[in-house]
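Peer 1: Each of the two chains sits in its own frame; use the hints to bring them together as a complex.
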Amino acid sequence: DQQVKQNSPSLSVQEGRISILNCDYTNSMFDYFLWYKKYPAEGPTFLISISSIKDKNEDGRFTVFLNKSAKHLSLHIVPSQPGDSAVYFCAASANGAGSYQLTFGKGTKLSVIP
Amino acid sequence: DTGVSQDPRHKITKRGQNVTFRCDPISEHNRLYWYRQTLGQGPEFLTYFQNEAQLEKSRLLSDRFSAERPKGSFSTLEIQRTEQGDSAMYLCASSLAAGGTSYEQYFGPGTRLTVT
Chain L
1 DQQVKQNSPS LSVQEGRISI LNCDYTNSMF DYFLWYKKYP AEGPTFLISI SSIKDKNEDG
61 RFTVFLNKSA KHLSLHIVPS QPGDSAVYFC AASANGAGSY QLTFGKGTKL SVIP
Chain P
1 DTGVSQDPRH KITKRGQNVT FRCDPISEHN RLYWYRQTLG QGPEFLTYFQ NEAQLEKSRL
61 LSDRFSAERP KGSFSTLEIQ RTEQGDSAMY LCASSLAAGG TSYEQYFGPG TRLTVT
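Going line by line, the protein sequences match chains L and P.
According to this note's numbering, the first sequence is numbered sequentially starting from 1.
According to this note's numbering, the second sequence is numbered sequentially starting from 1.
Extracted from the complex, chain P is given alone in its bound form (with noise of 0.2 Å):
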């Protein structure tokens, strides 16, 4: 396996635009989670699915921000009328549900995103 992948890895966007982010998670993780990280900051928390259901979503998930994880595999992370103050990176981390290392997250290498 080769971890958690994300694409694109850089985005750079005009304000105003909408943009879409995917995330694969480790093939037998049934945990997805979705971070945002800015510069100075460690990663925060925006939402986490186990399989296909969407179970805690942070108040920094704004109306503009929605994910999906159809069929429990991959995510996607979209950004509607995008601000200049959604540039970070967003991370995705996958987990297994059950077991002694089910707490532990793997991250992906980020997608960073410009808004200009």
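Next up, chain L with everything else stripped away, as it sits in the complex (with noise of 0.2 Å):
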């Protein structure tokens, strides 16, 4: 079973307009959420991250938004550029629970498109 579930395998966005990629979880035991992004050929990137006990974090363009109830969370990016074209993951660990591996979801591309 996916306990953390990407369901767009794919987006495209033009530059300069927001990018808005989406994450579903159904483990209740997770506490930590992390964005990472990969290119190709190399390993993932960490982008940015959110604990369970807020709903929002912002790093420059980036911003996750968690909706505990809901068991879900996004990513924003505004404005987008071409050089956010890559494959996004979301994951998440259960870190209260001692369990500090992270679950990853299949991924997202997004594309950027000049």
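Check before you lean on any hint, since a few could be wrong.
[Claimed, not checked] Listed below are the simulated DSBU-like cross-link pairs for lysine-lysine, each with C-alpha atoms no more than 35 Å apart in a straight line: (1) P:LYS14 - L:LYS68; (2) L:LYS109 - L:LYS54; (3) L:LYS106 - P:LYS14; (4) P:LYS57 - L:LYS106; (5) L:LYS5 - L:LYS56.
No lab work stands behind these hints: they were computed from the structure.
Peer 2: Structural data, given as structure tokens:
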């Protein structure tokens, strides 16, 4: 069973517009959530994270929103730039349960069109 | 610091051979993780170390897989009697064990394994 789901395999956005990437989870023990960006033939690069005690975290152009009751989080990128084109992975961990492993979704490929 | 490094970047081996990969974490990080990623999937957790102690292992880590982290510095992942299903990208990550950013894992570039 997939505990972290990214239901959109791909997303295309015009340069300068907002990109919204979505992620759903099923495990109520998850208490920390992260977004990673991955280019081909490279390892994932950490972007932004959020603890379950918060509902929003912002870092420059990137904002992550967490809705615990819906078990849903989203990553907003504003404004989108061509260099943002990559695969984005949502990940979660259950740190309060003493488990530090990350559980990843399958990723969403973002294409930012100039 | 140059980040997490992995060696080799690519490995092609024949079925049945043994392979070993190395990971050097960010120097001040005391947690080290191994993941495996196949095409179209997100990374899947294999195992993690805090210092030299192996604290978590996934059921994906069959008896043919073994990981070590002697002296709590670099780590090795060995796969014995490789099978074609072992073909994947093997990723290493590291993190701190304490502090506000302790849950953020930083990944290396990965080792691409192809078993023929």
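Peer 1: Could you run down the list of hints and mark each one as holding or not?
Peer 2: How the hints compare with the structure:
1. P:LYS14 - L:LYS68: This hinted pair is violated, its Cα atoms lying about 47 Å apart.
2. L:LYS109 - L:LYS54: Holds, because 27 Å separates the two Cα atoms, which is no more than 35 Å.
3. L:LYS106 - P:LYS14: It holds: about 29 Å lies between the C-alpha atoms, which stays within 35 Å.
4. P:LYS57 - L:LYS106: Between LYS57 (chain P) and LYS106 (chain L) the Cα gap is close to 21 Å, so the pair holds against 35 Å.
5. L:LYS5 - L:LYS56: Holds, because 20 Å separates the two Cα atoms, which is no more than 35 Å.
Figure legend: structure checked against the earlier numbered hints; the only hint not met is number 1.
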